[in-house]
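Each protein sequence line maps, in turn, to chains A, B, C and D. The numbering used here applies: residue 1 is where the first sequence begins, and numbers increase by one. The numbering used here applies: residue 1001 is where the second sequence begins, and numbers increase by one. The numbering used here applies: residue 2001 is where the third sequence begins, and numbers increase by one. The numbering used here applies: residue 3001 is where the fourth sequence begins, and numbers increase by one.
Fair warning: there could be bad hints in the mix.
Okay, the calculated beta carbon distance ranges per label pair [claimed, not checked]:
(1) B:Leu1098 <-> A:Pro97: 28 to 38 Å
(2) C:Lys2453 <-> A:Trp5: 31 to 41 Å
(3) C:Leu2054 <-> A:Gly124: 25 to 35 Å
Because the hints were derived from the structure by calculation, they are not lab data. Note that the coordinates shown come from a computational prediction; the quantities given were computed from them, not determined experimentally. Backbone N, C-alpha and C fix where the C-beta goes; we use that ideal spot for every residue, glycine too.
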Amino acid sequence: MNEFWRLPENVSTFGGPIDSMFHLIAWITIVVFFGVELLLLWFLFRYRARPGRKATFTHGNSRLEIIWTAATAIMVVYLGIISRGLWLDIKDPARFPEPGLELIVRAKQFEWNTHYPGADGQLGTADDFVRRNQMSVPVDVPVRITLQSEDVIHSFYLPEFRLKQDAVPGMNIPAWFEATRTGEFTVGCAELCGLQHYRMKGTIRVLSAEEFSAWNAQQMAAAPAPGPLPGSASNAAGSPVVAAAGHAH
Amino acid sequence: MESQATNQAAGGSAAPHKSPPYMLIWLVLFVLTLAEVGVAFLSHIPKNILILILLALAVWKAALVAMYYMHLKFEPRKLWLLAISPLPLAVILVVIVLAEGW
Amino acid sequence: MSTAAAMHEVPAHGAHGHHEEIPFIRKYIFSTDHKIIGIQFLFMSLAFLLLGGLLAMAMRWQLAWPSNAEMPMPGGSLLPETMVNSGIMLPEFYNALVTMHGTIMVFFAIMPLLVGVWANYLIPLQIGAPDMAFPRLNMLSFWMAFTAGILMLASFGVTGGAANAGWTGYTPLSINDVYSGVKTGQQLWALSLTLLGFSSLVGSVNYITTLINMRAPGMTWFRLPLSTWALFITSVLILLAVPVLAGGLIMMFFDQTLGTNFFKPESGGQPLLWQHLFWFFGHPEVYILILPSMGFVSDVIANGSRKPIFGYYAMVWAIIGIGFIGWIVWGHHMFMSGMNPLLGGFFMITTLVIAVPSAIKTFNWMGTLWGGNIRFHAPNLYAISFVALFAIGGLSGIFLAAGPVDIPLHDTYFVVAHIHYVLVGRSLFGIFAAITFWYPKMFGRMMHEGLGKVHWLLTFIFFNTTFFPMHMIGSGGMMRRLYDPTQYPHIAQMQDTNVFITINALLLFAAQLIFAFNFIWSLFKGKKAGTNPWEANSVEWSAPSPPPHGNWGGVQPVVYRGPYEYSSPESEHDFLLQTQPPAGQPVPARH
Amino acid sequence: MERGPSSFGVYNMKLGMWVFLLSEVMFFTGLIGAYIILRFAQPDHFALPGQVLNVPLTALNTFFLICSSVTMVKAFAAIELGDQKGLQRWLLATAIIGMIFVGIQVVEYTVLSHEGFVPIADLYQAHGRQGGHEVLGGPLYGATFYTMTGFHGTHVSIGVACLWFTYFKARRGGYSAANFGGVENMGLYWHFVDLVWIILFTIVYLI
């Protein structure tokens, strides 16, 4: 099934339940689909027009109506209830796991800037450091992200993590994930955000705990110059639209 | 439009109505407006209750205009239902968007 | 609504005057006749459909061979260098194509094809009325839509090009040219849609009034054909949804031109407010775009199967149910927007519930085919494919309605596949069914049956080969509105699928030329049609083809039964016109 | 009589007017809804009632609009009885009061914009009626205020133009006790505009 749907590899903790639910719905719909289409084809063959025949004169059958209404209703309400539960587990901040790392991802045309807390472990202080279009996170640790945007709406999309969340200017939107294996994966933008929307991509590296602390220490040492504090940057100024007009071939 | 109203058309409801008390309604509207301004600026009612009172007064006035001046009170029931049909949608729009947590 | 088959005086203005010569301009250009206005809408929206298709072809070319000098865009040299430079499309033009393809198809092709054309043409004919309640408002409605279309087209020519913030016009990209690079184009977009909204609104007032007040004697609510029922609910949705969009568009226009800040976050505005206003309109809009097709297909399938529609009342209540549940599901377009997740849970359940009336309709169409005597004429082929494709479009909707599964699928090609199964597989197939079915009534000639079948077959095949693979590249993680998908490694490995889709899309487009040829050729050379070529039941088939001004030559039709009495034992034929008096009852005197 | 055989009990034009008013309800719902939402989202952008806006003047204007409603309905009552003189007199009164309403609104806008209360975000600097140095509220206040009251004012102005049309038609004897559809529909529109103002006055000026 993964081959057929071409789902990317899953590397996050909640990706598994999402994929199982995807497959559950896929199987339900495939069964319904073939049921309906085969029945349709059979009706078309069986009841094709033949001379001298008259169609059955009936206006319907209330019992049948009730049966198929109830059957559909039960199925969708069941799907609704299970999907609501999983949805809240992923998206409701009240149910987020205790984070091992908190980051701010601040989007602008056309880059993803990840703010790390720096030495004091506090975001929004002078020793924060910023990585442009590159994120590094530890494996097996819940990472909590606050999404912000400086200009227009972007959508933070990690295909392998089954994570997508819009970044809206003027809002702080929480999201989280927990990686299950190390490696390098894609960060993309899923909301049309301007001319270079198609190039607004980055990479996310999942490191082992030791690698991550080494990397973190190195970054803190290498980048003493503080990046602009989130929320302090002016919005309208310095947008790269003019520069963006000359695109790469 | 060449459309014309006949007496029959205007009085789709059962009996032709007496002229409603237009001037009395006007007086009530006037008094309610005074009351609104008075309550809003001269009283010391807590803000939340004040808002409810003001909204209630506004809805009362609007209902009077619709019922008497727009004759909904004297129209067929079907027209009355038609007229209030968008109100649930108005409530849905505002309530759900507010429930967003703003 | 108890209207017995009592005799009624004919309204005076239908009784005379339709043989006098009306000057050409008043008859065909500034006409107040609902049939001519319907035909005007038909020509206008078919032209826009062709244009929207061309825009899509240009997009598909870029997606298959992104910025590839080996594969220069055909016809690209005809376009100015600000759009296509030496055979390579610029990203600003690609974004404009994305936006204008969506806008033109939704607002200027499908919506007028469904409502502008058929509400105008069919409602008076199916309810037995001589014309609309307000013929002059009707004319106004068409000319406003026409002006809106011109404004939208004009935006291609202004500095900066056409709008490029997507057909949903998400703020602040759409209100700030610093971000999008387009100023005048976005303003024209907002203005044109406001004007079009006003046009649809005037139209709906007219349709609703006509339907409520002008039905023929005996035409009770539950004797209306399902087309008319669907058009009625659609008009109600337009009437109540479009003003909200208009309000939003006006605020957007003020933000763009005056410097207000409704949606500008830097001075306190709320970008999500636009999304709420847009989708509060936008989701009913989805049903505006599908309900009429459901109606046409019901009429055509009952006719093709020579059987009463299965579960007429269930069908009517399903239309009404879809119309009303449709108001409380708009949040599913905003699952990823940062909306309160608890609210997301609510919208998830309402969205899934809307599958119930849709399923009722599918099963009832199947029930109609069961036990029928099915004729495979071109309209019925389109209608049956509609039912087949309805299943796919509905089932893929379940993936998107379930919030957790929507997380990876939102804003990917899975959504693109879904909406095209809905808008092409359903709406457009319904439109093809309707055009071929009512063409003889409109123009007095049949469309060519053989060409119709060829067009149906090719469209059905290439439609599926174009859009079905989009589901997979969507679940594979390809985002929408990407100028160059090969930029991402996980998408680049699916590039052969993108090439496959493009080739099939080109073939799909080419197949539509058959329809265009058939449409024009049949206008002049088609077989002459009689009054009732499909042996159908509803009232319009008792009027001459094409019907004269006033529709029945001054005679008021009287209705005696429902519209689906096919193969009734009451009649020796397998059809029974609604206007046919019951056996033993004298035929009413005709004036 | 423009009414089909299976009718609703209401003639076409009146039914059409009601249906049109339903869409007007949704239009103003969009505007008022946006105002409520923005106000909850950004309470700092909105000043206390009476600080910036001139409530006594607007209360007077509200009174005028209510008066114009009663004159309008009197005109309708007159023609129902075939009283041509009464119809003309009351229509004239309604049109004039309507113009006074628009006039007062123009004065209000002029004064407010001189006090720095404007819809344009970059120029907003409302110092209020007392004229202090502090800027009261924020740009969303100006934007929503002018949009809502402006669209209402546009509706009133269109209504006034229609009232003059109706008045001159009445002078030519265009209506009678058997034919008063034009007056009735004029009234429906006018009362609806009044009704919207009642809501706007409370929500925008008093709360």
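Hint by hint, here is what the structure shows:
no.	hint	verdict
1	B:Leu1098 <-> A:Pro97: 28 to 38 Å	30 Å, holds
2	C:Lys2453 <-> A:Trp5: 31 to 41 Å	34 Å, holds
3	C:Leu2054 <-> A:Gly124: 25 to 35 Å	51 Å, violated
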